[in-house]
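Chains as they are written, first to last, in my numbering: chain A, 16 to 340; chain B, 7 to 692.
Bear in mind the hints are in silico, worked out from the structure with no lab data behind them.
The reader is advised that the hints may include incorrect statements.
[Said to hold, decoys possible] List time: in silico BS3-like cross-link candidates among lysine-lysine, alpha-carbon distance up to 30 Å:
hint	chain 1	residue 1	chain 2	residue 2
1	A	Lys220	B	Lys348
2	B	Lys119	B	Lys263
3	B	Lys530	B	Lys383
4	B	Lys258	B	Lys348
5	B	Lys325	A	Lys220
6	B	Lys383	A	Lys220
7	B	Lys348	B	Lys391
8	B	Lys423	A	Lys220
9	B	Lys263	B	Lys325
10	B	Lys31	B	Lys325
11	B	Lys76	B	Lys134
12	B	Lys74	B	Lys164
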Amino acid sequence: MSILRRFFRSSISGPLVALVLAVILVSLSTNRFLSGQNLSNVSLQVSPVAIAAIGATLVILTGGIDLSPGAVVALTSCALAIFAKNLGIPIGISIVMVLGLGLLLGFVNGFFSTYGRIPSFIVTLAALGIYRGLAFLITNGSPIFSVSPALNPLFYGNLLGIPLPLIYVLVLYFLTWIFLNYTIPGRNIYAVGGNESAAQLSGIKVNQTRLIAFTIAGLSSSIAGILTVAQLDSGSPNYGAGTELEAIAAAVIGGTSLAGGYGNIASTLLGALTVQVVKNGLNLNMVPASWREITLGSIIVLAVGVDMWRATLSERFSQIFSRTR
Amino acid sequence: MNDTSPPLWELTDIKKSFVGVQALKGVSITLREGEIHALLGENGSGKSTLIKCVAGVHQPDAGRMLWKAKPVEFRHPMDARDHGVATIFQEFSIVPTLSIAENVFLGRQPRRKGGAIDWKAMQVETLKVLDQLEIHVDPSATVRSLSVAEQQLVEIAKAISLESTLLIMDEPTAALGLAETERLLALVRRLASQGKAILYISHRLDEVFQVADRVTILKDGNLVATRPVAGISMNEIVQMMVGMEIEQHYPKVINVKSQPCLEVEHLSTQRDVNNVSFTINVGEVFGLGGMVGSGRTEIARALFGLDPITSGSIRLYGKQVRFHSPSQAIRQGVGLIPENRKLDGLFFNFAAAPNITMSRMTEILNGPFLSLTGERKAGAAYVQKLSITPTALERSVRFLSGGNQQKVVIARWLFSKARLLILDEPTQGIDVGAKLDVYNVINELTAAGISILLISSDYPELLAISDRVAIVRDGRILHIAESNTLSEYELLAIASGAELDERMEAIFQLRTVALPFIHQLRDKLGETTHLAVLDRDTMRLLYLDKFTGHESVEMMSRSGSTAPLTCTGLGKVLLAYEATAAVGDWFKTQAIPRYTPTTITDVDILMSELASIRQNGFGLDREEHEPGIRCIAVPIRDSSGHVIAAISITGPVGRMPEDLAGSPIRHTVVDTADRISQELGFKTEK
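Next up, chain A with everything else stripped away, as it sits in the complex:
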């Protein structure tokens, strides 16, 4: 009983239950899900969204929202393709430049939504259009194929038998975990999201903190963009469609409160896996693409709903528990 209760109280229980539930449902619907090949596919495919979800989580923790990850993925994928193929810049330097571009795009979002005092929802909604528009502009609207032979191994390679994308994801999540829990800027992110005016009166630079969160978000989306190029050996202004929704879904299913201040990064990874398992399940069952979008949208509403109704729900649950006792 007490172990059960402790588990239900901990913040990781909800996301874990959601993931297990998704796995059970999908494996009941098709016997192909649990095959080794499919599971390894899932673990590869989850990486871009899982990494973009890091940024989404940080921004949501400060009480903001970032709608631009998909557009940043598109723009950075095209930029990488142009740098490496059209301009012939060595692939290593191209990647560093694209990471810099990601930082810049995130910084712009952060700058306008803090010092510019425009709500982040509006700034990143605008960025969603502008960044993807820029991607169309620099590519004339057509994808760039066969970027570099050096790229595919970055995605399909492995280290000691472990797929590389899995290593990227684990390393980045570990770094973010350290950042959020063991550094002052990380703590500031929770403080600003928890109570902005108290944070200001405690001497925390609120705008600076939000700017850091947005800049990291830009960086994480650009890593997602690079991984996408590595996976497909191409850049396209159409890449990353829906990534923002999936990233926000991962954070929210992971228990990050949209009001800010509450959430942990490990749960976001569980949330990202849940999203990917659901997508994979719909694919395996040959569900049309339109229904995939509808399902994902519904899951987001449900996850946010659970966040909003949490207090009421937990009261109901504990009432049930205390009655049965």
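Please arrange chain B on chain A, whose structure you already have, making use of the hints.
Showing chain B alone in chain A's frame:
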């Protein structure tokens, strides 16, 4: 109020529990028409739960609620509304972007035929309600443009505009200044006289004594007592609330050093600070007194780097500083505890330790990383030091009581090594025991060499805790004085902008002469002394000064407050030297109130009592105003021989002998009064 009429509301044995906590363990209360019923208890005693049951917010687990002798069950606040219950909750329920009128009629706008909103009727009705409250603002003004106090009054206007028979007010004066509070209390009395029942919750006992007919005291979810206010003393109530005797309300230790900490010269800001100069010494508590909106908070904001400074200079420990942001101020050792600790002070997403380390996280760095064990240790140390409940380390600070929350915020500034701490209303809305804790913490802070800028609307507190007080009005400092030379009455008079007329000048002169003597008298006898005059406008006794004895006893009197003439020693003495015929006439027009079984209510006996006072030269209060309290009062004369004031010494029956007239106490008091009179130029004829 008719005691025999059936009660409007009768709640019997109400029980209510929440997850793991039994908030009400069987509480009964009756509310009569036209009654002002005060509900008292420390935080967590079950007050809020009880009113939420009546207001239909909570459903009791057990017990009966009878409305006009009919059992009722509320599923929803609207059910309560239909039974005439209107509630003013502590949390504001007004929409800042709407106008006053729209707020007052929110959800029940008057309609014209065809369903369109009748704006004109709404405007007119709102104006009526605002007039009742004596708020002179345009009903079409946006609520956001009003001050916090005015917003609170709009909240109240909204509730009284409902056709209600029971009005529940939960700490209605918490955000109000003194003038607004007075207006509100007058309104409460008027509403009760119209037959409404009023359930009044407040931490301010003096307000309760001013307005309430009966008082119900809760403790830990249990009913302690329901008593008529006339038959109970403040001390009894405090004892019932806290369950232990509070020896002194205001423990004050003077820790002022001669070295200046903060020197402010000719400071002005764009926001209501106007050429302000003052110095705070190391270890000093410097009080800012004034009405809400006088500019007190704005001075604090300027010092903390929140509002840009337009001119003037600030020196901190001799070093010229100018802060453009709180983080700069904090780095130089300035801390601010905001008025609203929930909104502006606490991080509910953290337990106590991260809340405490927030302003100085560099302290818990281990290399580039935060040491969570170091943080826990630091947190635990401060939790212990300030006797914060240990569960604070495990759970969100959301779940702490108001007093514990306040101490967490104080701990943050202790941890960040603040040298100057600005406290904005630090005891607002916390219970008596927690207030004491805050005062003791202030003493510890000043003992450690920290200087305090204290803002408080609780004037007795401000005067008792501060070493010096500055009175602020319209963004200017009008007067700075040692707080023990300043009476609440003067503070109030200057802060409220009252003209210093001749009478007031005379009073100031009287006080200047009399205060040293009264201090001596208090020190000699160890009991509470008063200086009072007759207020001819209201024909009531006006207390100018009160010095609490070493062995304190709770009394209703406060500097600046008034009391009836007929049942107090001071009042009878002052009345004795008025023209006898005029006093006789006045008695004819006046019902003489009875406070205790020994109160004299017969005119003839009273007149002969006054005659014997003139003969003896002193007057006695034989438990006539408050049970268990005795007093001896002696007149003070000016150079022309007129009685202009009186002094008294007051104590509990245990320490004041029944034969006060024959005791050495009498001689001491009479002697003191004579010396004051001589000092004022009165020549005794031998």
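Decide if the proposed pair is consistent with the structure: lysine 383 of chain B and lysine 220 of chain A, CA atoms, cutoff 30 Å inclusive. 26 Å, holds
Does the alpha-carbon distance linking lysine 263 of chain B and lysine 325 of chain B stay inside the 30 Å limit? 18 Å, holds
Just to be careful, I want the Cα atoms of lysine 423 of chain B and lysine 220 of chain A compared with a cutoff of 30 Å; is the pair within it? 19 Å, holds
Given the hinted pair lysine 325 of chain B and lysine 220 of chain A, is their alpha-carbon gap at most 30 Å? 24 Å, holds
With a cut-off of 30 Å on the C-alpha distance, tell me whether lysine 31 of chain B and lysine 325 of chain B pass. Judged against 30 Å, a Cα distance of about 58 Å means the pair is violated.
Just to be careful, I want the Cα atoms of lysine 76 of chain B and lysine 134 of chain B compared with a cutoff of 30 Å; is the pair within it? 33 Å, violated
Lysine 74 of chain B and lysine 164 of chain B were given as a pair; does the straight-line alpha-carbon distance stay at or below 30 Å? The hint holds at about 25 Å.
Between the alpha carbons of lysine 530 of chain B and lysine 383 of chain B, is the straight-line distance 30 Å or under? 49 Å, violated
Take a quick look at whether lysine 220 of chain A and lysine 348 of chain B sit within 30 Å of each other, Cα to Cα. Holds, because 20 Å separates the two Cα atoms, which is no more than 30 Å.
30 Å limit on alpha-carbon distance, applied to hinted pair lysine 258 of chain B and lysine 348 of chain B: 27 Å, holds
Given hint lysine 263 of chain B paired with lysine 119 of chain B - CA-CA distance at most 30 Å: 73 Å, violated
Lysine 348 of chain B and lysine 391 of chain B: Cα distance at most 30 Å? Given that 30 Å is the threshold and the Cα spacing comes to 22 Å, the pair holds.
The structure fails hints 2, 3, 10 and 11 (numbered hints given earlier, in ascending order).
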